Amino acid sequence: MSIKGKAYLAGVYEHPTRDAPDKTTAQLHAESARGALADAGLSFDDVDGYFCAGDAPGFGAMSMVDYMGLKNVRHMDTTETGGSSYIVHLHHAAQAIAAGKCSVALITLAGRPRQGGGRPGGGGGGRPPVGLTDGAPEQGFESIYGGSTHNTYGMCAMRHMHEYGTTSEQLAWIKVAASHHAQWNEHAFLKSVVTVEDVLNSRMIADPLHLLDCCVVTDGGGAVVVTSPEVARSLKRPLVRLIGAGEAPKLQMGGKGLDLTTSGAVWSGPAAFAEAGVTPADIKYASIYDSFTITVLMQIEDLGFCKKGEGGKFVADGNLISGVGKLPFNTDGGGLCNNHPTNRGGITKIIEAVRQLRGDAHPKVQVANCDLAIAHGTGGSLGVRHGAATAIMERES
Amino acid sequence: MSEIMTRPIPAPAVNLESKPFFDAAEEARFLIKRCNACGEAHWYPRTICPNCHSDDTVWEESAGEGVIYTYSVMYRSPTGPYALGYVTLNEGPSMMTNFVDVAPDGLAIGMKVKVKFQPTEGGPPVPVFAPV
Numbered sequence: 001m002s003i004k005g006k007a008y009l010a011g012v013y014e015h016p017t018r019d020a021p022d023k024t025t026a027q028l029h030a031e032s033a034r035g036a037l038a039d040a041g042l043s044f045d046d047v048d049g050y051f052c053a054g055d056a057p058g059f060g061a062m063s064m065v066d067y068m069g070l071k072n073v074r075h076m077d078t079t080e081t082g083g084s085s086y087i088v089h090l091h092h093a094a095q096a097i098a099a100g101k102c103s104v105a106l107i108t109l110a111g112r113p114r115q116g117g118g119r120p121g122g123g124g125g126g127r128p129p130v131g132l133t134d135g136a137p138e139q140g141f142e143s144i145y146g147g148s149t150h151n152t153y154g155m156c157a158m159r160h161m162h163e164y165g166t167t168s169e170q171l172a173w174i175k176v177a178a179s180h181h182a183q184w185n186e187h188a189f190l191k192s193v194v195t196v197e198d199v200l201n202s203r204m205i206a207d208p209l210h211l212l213d214c215c216v217v218t219d220g221g222g223a224v225v226v227t228s229p230e231v232a233r234s235l236k237r238p239l240v241r242l243i244g245a246g247e248a249p250k251l252q253m254g255g256k257g258l259d260l261t262t263s264g265a266v267w268s269g270p271a272a273f274a275e276a277g278v279t280p281a282d283i284k285y286a287s288i289y290d291s292f293t294i295t296v297l298m299q300i301e302d303l304g305f306c307k308k309g310e311g312g313k314f315v316a317d318g319n320l321i322s323g324v325g326k327l328p329f330n331t332d333g334g335g336l337c338n339n340h341p342t343n344r345g346g347i348t349k350i351i352e353a354v355r356q357l358r359g360d361a362h363p364k365v366q367v368a369n370c371d372l373a374i375a376h377g378t379g380g381s382l383g384v385r386h387g388a389a390t391a392i393m394e395r396e397s
Numbered sequence: 398m399s400e401i402m403t404r405p406i407p408a409p410a411v412n413l414e415s416k417p418f419f420d421a422a423e424e425a426r427f428l429i430k431r432c433n434a435c436g437e438a439h440w441y442p443r444t445i446c447p448n449c450h451s452d453d454t455v456w457e458e459s460a461g462e463g464v465i466y467t468y469s470v471m472y473r474s475p476t477g478p479y480a481l482g483y484v485t486l487n488e489g490p491s492m493m494t495n496f497v498d499v500a501p502d503g504l505a506i507g508m509k510v511k512v513k514f515q516p517t518e519g520g521p522p523v524p525v526f527a528p529v
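Protein chains in written order, with the working numbering: chain A, 1 to 397; chain B, 398 to 529.
Here chain B stands alone, though its shape is the one from the complex (with noise of 0.2 Å):
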């Protein structure tokens, strides 16, 4: 059980709303939306804040660092465990992620991670998380 954990990912399903975010993504940068109208960040990205419904939302360049809100080890699974969960960005906002770089019983909720992105299958890299 001290393996490191690894999972292939398919390519995302990228719309026209989320295609700066992956972009950004080839570059390894991580964005995440703000809303002008009432301060706060959310996620997903959306054109139209979810907290205050103003479309004065604009992208940000984010550490992508955070602590672990909840994660669950996934043994049903033909490629080995994953890491499922959810880390809480410093700037607010809790996103769905998978946990890598780590062992399956090297997680602890409210342990500090930080972004990297990683490769799929013939699409942009995606978000996931390491243990700092």
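Just chain A, with the same shape it has in the complex (with noise of 0.2 Å):
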């Protein structure tokens, strides 16, 4: 499929400023993102594919679609390269569009590199405002908290216990799961089988995840090769093809309804099912990020397998545990036991699903023919801000 044609640039617009002494940058990118939507006659509210480089402060896309209440986003890129990136997503931008993942996309750039400091890219030797600085625009009233991982997952957690009755016990079975798979993974990080009290009486590190209900944490890596399907049938291998994915950032929007039991894979979730048009109870198998048990429990709510606030029910009793129960997850004993490379699990979710769907996995994890797998993921922090990625693969018979 080419681009030719499929994509149209609708808006454009130069900030007229050349000096911005008075401005953050942050708020240079959404003067300029307002002034490329009036010029095409949109609002915020239709973009729905967002496109930054690394001028962009704070957390990847996530800070700048934050900060300018972008709430229909559903596909992002932060690729970097420079004074070129723009051009890069411009045609990123246009394949997302051909390919039904956006339809009104946009591209911002902005900095201040006359005020001296700031940015990556910044320099140029203008003058440092004294005591200020130009970085994530809600770094002053987040970063100064204590917030880290545990935590901000721990409120999640609590609020979730606060409207649907969630218990520790409950969350300990997807630990417990986990462990059940990871026995098995000569390489995992945690190989010994626990027990659902064995999760209870391990030290509470952030109100109510106690030691076991966190991930590891590993060095290590990952890779995967993705070709297309003249390529791959020339390969003599398993064919596993994507037939359906999506993407969403979940943040705070000025504070407005703050739900800190749902994720983006309400939106993710959906989005990659009906691209692959089938459905929950369709999947055999499950790669679901599990930085803490508490991810686990939200994401398969929010992907369908179960109502929202029945998680607890649904990951109780061995329900994830291969063999076991009606959802088997993480055989690799995921980042709970087996790897969780530097802090960021979501390349391990997609390799344990191919795993699955080409029969690689230890025999004593293996799912029967598994023919359909999804991989879900969550970056950054359910409890603050995230982005959610969701892939659905089958197996070519």
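Keep in mind that the hints were calculated from the coordinates and are not lab data. Because the structure is a prediction, the values reported are computed rather than measured. Just so it is clear, CB atoms sit at the ideal spot from N, CA and C, and this is done for glycine as well. Fair warning: there could be bad hints in the mix.
[To be verified] Okay, the calculated bits of chain B under chain A, using three or more residues with CB under 8 Å as the criterion:
{"#": "1", "region": "453-465"}
{"#": "2", "region": "469-482"}
[To be verified] Subject to a maximum C-alpha distance of 25 Å in a straight line, what follows is the list of computed BS3-like cross-link-like pairs (lysine-lysine):
{"#": "3", "chain 1": "B", "residue 1": "K513", "chain 2": "B", "residue 2": "K416"}
{"#": "4", "chain 1": "A", "residue 1": "K256", "chain 2": "A", "residue 2": "K308"}
{"#": "5", "chain 1": "B", "residue 1": "K509", "chain 2": "A", "residue 2": "K256"}
{"#": "6", "chain 1": "B", "residue 1": "K513", "chain 2": "A", "residue 2": "K256"}
{"#": "7", "chain 1": "A", "residue 1": "K256", "chain 2": "B", "residue 2": "K511"}
{"#": "8", "chain 1": "A", "residue 1": "K308", "chain 2": "A", "residue 2": "K326"}
{"#": "9", "chain 1": "B", "residue 1": "K416", "chain 2": "A", "residue 2": "K23"}
{"#": "10", "chain 1": "A", "residue 1": "K4", "chain 2": "B", "residue 2": "K416"}
[What the hints assert, rightly or not] Not close to chain A: a few residues of chain B, all C-beta gaps over 12 Å, as computed:
{"#": "11", "residue": "E400"}
{"#": "12", "residue": "I401"}
{"#": "13", "residue": "K416"}
{"#": "14", "residue": "E424"}
{"#": "15", "residue": "R426"}
{"#": "16", "residue": "N433"}
{"#": "17", "residue": "K509"}
{"#": "18", "residue": "K513"}
{"#": "19", "residue": "G520"}
{"#": "20", "residue": "A527"}
{"#": "21", "residue": "P528"}
{"#": "22", "residue": "V529"}
Got two chains here, separate frames each, mind docking them using the hints?
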């Protein structure tokens, strides 16, 4: 498929300032966005794809999407190639539009190198504003409070328990299931099978999350090769293809209606399932991001494997254990027991799904006739702001 | 577990958009931003309204009262346990904060809290919340 003729440049805007001592970089991004959208005759709410590079302050695309209040973004790209980034973004935006992933893509650039310091790519020997910074716009209101992954996910678990009656015992079952799988993985960081009591008796880290509710910290890596159908068929390897994908940021958006019990999976999941033409009931194996037990529980609900609020019941009593329960998950032992290389677990989620679809998982955890699998990930924190991504893969017979 | 939680807070990063907030904090005044176009208050304060995208936003003094939306007491801390959480302000928006002047087992979702300002290490004071 070509991008030729598939995308149009509907709005452009060059910010009039050449010296901005009185505005933040985030503000210049937003003002530029407003100008281009106005030129197109569109609004911020029309934007469903957002593209930025290293000049955008904060956490990938998320800080700027949050700052600008872009409520409907379902496609993000933060490809960084220096000054050419925005032409790369134009290309990628056209690909995304051609593929039906978004229909209104916003690309922004802004910075204040004349003010000194501030953003990467700044420099230029300007005037450092005394005592002022120009980093992530949320920085001065968040990082001071000692938020880490542990306690920001702890806040999600606390609220989930409050709203839905979820219990620590139910969360513990997620670790128990992961440990049952990890015992067969010779490379797993933690190979011992644990019980619900073991989890509950481990020391409290960030209320209500215990030590064993947390993932491991490991060095390591991973890689994935994606090819055209023609190349794949020439390789004499099992054919595993991607049939659906979705992504979405979930942010605080000005603090209105804050909801820490749902994740961006409520948008990325349905998009992926719709593209794949399958439902959660069809899935044979699930790789679910497991930075903490609560991460798994919320995402299982949001992907539609059970109703919202019923995740606690769903994960209990071994329902995630391969050969025992209805939804075999993280059969490598996951981030909870096996591996969480450089604190980013997304790639190991893809890898174990491919093993399952090839029939290459350990025989003790291999799902019978595994022809359809999901890999879902969360980046950032469910308790602050995060990017969700879902991929559905199938084995071609 | 009955000791009162305190936690040293580092200096906040202050930028051009947040400077009026932290200047007011030096006087123990708690400001939020409200949008004249849509009428909504928001947090953290921005020049452009995250709800309707108007730049007609103004500072407003708040009593800093609200209820605990959620919290987590962090025990993995060299300076002793502390409570991270979100408070939902009476004006509507929820904001991240620390809960102070309370024991680790003394917090609950829905509890009424009020702002106070805590000095930081070399920067302006920042808002924290204590049970009322």
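Cross-check of the supplied hints:
{"no.": "1", "hint": "453-465", "result": "violated (count 0)"}
{"no.": "2", "hint": "469-482", "result": "holds (count 9)"}
{"no.": "3", "hint": "B:K513 to B:K416", "result": "holds (18 Å)"}
{"no.": "4", "hint": "A:K256 to A:K308", "result": "holds (21 Å)"}
{"no.": "5", "hint": "B:K509 to A:K256", "result": "holds (18 Å)"}
{"no.": "6", "hint": "B:K513 to A:K256", "result": "holds (22 Å)"}
{"no.": "7", "hint": "A:K256 to B:K511", "result": "holds (19 Å)"}
{"no.": "8", "hint": "A:K308 to A:K326", "result": "holds (18 Å)"}
{"no.": "9", "hint": "B:K416 to A:K23", "result": "holds (11 Å)"}
{"no.": "10", "hint": "A:K4 to B:K416", "result": "violated (48 Å)"}
{"no.": "11", "hint": "E400", "result": "holds (15 Å)"}
{"no.": "12", "hint": "I401", "result": "holds (16 Å)"}
{"no.": "13", "hint": "K416", "result": "violated (7 Å)"}
{"no.": "14", "hint": "E424", "result": "holds (17 Å)"}
{"no.": "15", "hint": "R426", "result": "holds (16 Å)"}
{"no.": "16", "hint": "N433", "result": "holds (15 Å)"}
{"no.": "17", "hint": "K509", "result": "holds (16 Å)"}
{"no.": "18", "hint": "K513", "result": "holds (14 Å)"}
{"no.": "19", "hint": "G520", "result": "violated (9 Å)"}
{"no.": "20", "hint": "A527", "result": "holds (14 Å)"}
{"no.": "21", "hint": "P528", "result": "holds (16 Å)"}
{"no.": "22", "hint": "V529", "result": "holds (20 Å)"}
Hint check: violations occur at hints 1, 10, 13 and 19; the rest are consistent with the structure.
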